[in-house]
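Going down the list, the sequences are from chains A and B. Mapping of the first sequence onto our numbering: position 152 corresponds to residue 152, and the numbering continues sequentially without gaps. Heads up, our numbering is the position in the second sequence plus 1000, with the first residue counted as 1.
No lab work stands behind these hints, which were simulated from the structure alone. We put the beta carbon where it would ideally sit given N, CA and C, even for glycine. Just so you know, not all the hints are guaranteed correct.
Stated by the list, open to error - Chain B is faced by these chain A residues, among others (derived, beta-carbon under 8 Å):
no. : residue
1   : Pro-63
2   : Ile-68
3   : Ser-70
4   : Ile-72
5   : Ala-88
Said to hold, decoys possible - Residues on chain A that point at chain B, a partial pick, calculated with CB under 8 Å:
no. : residue
6   : Lys-65
7   : Val-73
8   : Ile-74
9   : Val-80
10  : Ile-81
11  : Leu-84
12  : Gln-87
13  : Tyr-91
14  : Ile-93
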Amino acid sequence: MNLTKEFTKGLWKELPPFRLVLGLCPVLAVTKSAETGLGMGLAVIFVLTCSNVLVSSLRNLIPRKVRIASYIVIIASFVVIVELTTQAFFYGIYERLGIFIPLIVVNCIILGRAEAFASRNKIIPSALDGLGIGVGFTMSLTVLGAIREILGNGTLFGADIMWASFRPFTFMVEAPGAFVSLGILLGLMNALSGPSRA
Amino acid sequence: MREIIRMIVVLTVISTVCGLVLSGYRRLTAERIEQQVLMNVQGPRVEVVLQGADNDLIADRKKIQINGKDLLVFIGKKKGGPYAVAYETVGKGFGGDIKVMVGYDLDLNTLTGVQIISHKETPGVGSRVEGRQFTRRFRGLHVNTDVPPNQCPEEIDAISGATYSSLGVCEALRKSLALLPKVKKRLQAFEDGSRS
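Build the full structure now, drawing on both the sequences and the hints.
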C-alpha cells in the first residue's frame, strides 16, 4: 500500500472543496480573510484526523446499521473539543468563526471521509488520509481567504500589502464575492488539469 | 435479537465515553473560558458603563449570591473609594435572550450607562439596540425610575421597528433595578467585613 499517496491525494487529486466540491458552506462563509480561513482549516484538520483514526480503529466493532450515528457522535465530540479549545485559548478566532465551529459536525467532508475511507482502511492510512484532505482543505480556504482579503480589504493576514492608492473592492469580502472567487478558482483548476474524463 | 443488543451496547458505550471525555474537558477549560469572556466580552463593556472609574474593574469584581444565584458585580472606584457598581441581567428579546450590563452611580443614584453584552436579535433591525444611539438614552436615569412590566420607562423611546428588542432591554433593566437594593446591602456587608 502506498502511504504517501494517501496523504498527497488530498493536496491535488481529491482536493476539497475544488475536486470533491464538498464542504462548501464554510468555504464560502469563513473565507473573508486568510486568517479565518486558516483557523477554520486547522480546526478541520484536527477533527478530520482524529475522527478518521477513531472510526478506523473501531471499524470492526461498530455494527453497520448504527455506523452513521456512531460516526456523528465521534465527530461531534471532537468538534466540541475544538470549540472549547478555541474559546479558551484563541478567543479572537472563536468569535470570528462563530457558528461555523459547531457546524463542522455537519461538514460533509468529515462524515464523507469516515464513511468512504476510514471505515474500510487501517489506522495509519486513515490518519494520513484525514491529514492530507485536511491540509488540502486548509490550503484551499487560506488561498481563497487571501484572494478575497487582498482584493476586498487590501490586506493579507491583517497587514497592509497593497499600494497606497489601492481602492478595496468591498464586493469580494461579501457573500457574492465568495461565489465569484470560488467559481473562478474552480474554473482555473479545471483548465489546468485538462479536460475532465467524465 | 443479538444484533439489536449489540447495536444498543456499542452506541451506548460510544456515547457514554464521549460524554465523559467532554464533561471532563469542559471542566478543565471552564476557568480559562470564564477568564476569556471576562477579558473580551464583559471587560470592554464594563469599562464603557463605568467610565471615569480609576481602578482595575476586572480585578475588583466580586461574586455575590442573591436569591441563591451567583451574580458578578463590577465595582467602580474613584481615588480608592467605591462609588459605582455594574452587573448583568437578562431580558427576553425578539430572537432570544438579551444580556444587558447596567451601571449605577451609588452617590448620585443614577444610571451611569447601559451596554448590551450579547443578543440574538435580527441583524440590522433588532441589533440596533446595541448602538450608542439607543444605549445612551439610559444614561442619567434615576434608580427610582418606574419600569412597568412589558414597557419601557417613559424617558426611553423604543427603536421603531425593533419594539420587542427594545422591550427586552427594558425588561433586563427592570430586573436590574429590582436587584439593586440587595446588591447594595450585600456590598455594604463586604465593606464592613473587610474593615473589622
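Against the structure, the hints come out as follows:
The closest approach between the C-beta of Pro-63(A) and any C-beta of chain B is roughly 5 Å, which is under the 8 Å cut-off, so the hint is satisfied. A hinted interface residue such as Ile-68(A) counts as satisfied when its beta carbon comes closer than 8 Å to some beta carbon of chain B; here the least separation is about 11 Å, so the hint is violated. Taking 8 Å as the C-beta cut-off, the interface hint given for Ser-70(A) holds, the closest approach to chain B being about 5 Å. Interface restraint check: Ile-72(A) against chain B, minimum CB-CB distance 10 Å, threshold 8 Å, status violated.
The interface hint given for Ala-88(A) holds, since its Cβ lies 4 Å from the closest Cβ of chain B, which is under the 8 Å cut-off. Interface hint status for Lys-65(A): upheld, as the beta-carbon distance to the closest one in chain B is roughly 6 Å, under 8 Å. With its C-beta approaching chain B no nearer than about 5 Å, Val-73(A) sits inside the 8 Å limit, and its interface hint holds. With 8 Å as the threshold, the beta carbon of Ile-74(A) comes within range of chain B, its nearest partner Cβ sitting at about 7 Å, so the hint holds.
Proximity of Val-80(A) to chain B holds as hinted, the smallest CB-CB distance being about 5 Å (cut-off 8 Å). The criterion of a C-beta within 8 Å of any C-beta in chain B is met by Ile-81(A), whose closest approach is roughly 6 Å, and the hint holds. Among the interface hints, the one on Leu-84(A) holds; its C-beta lies about 5 Å from the nearest C-beta in chain B, closer than the 8 Å criterion. Nearest Cβ of chain B to the Cβ of Gln-87(A): about 5 Å, under the 8 Å cut. The hint holds.
Hint on Tyr-91(A) holds. Least Cβ distance to chain B is approximately 4 Å, under the 8 Å limit. Annotation: interface hint on Ile-93(A) violated; nearest CB of chain B at approximately 11 Å, more than 8 Å.
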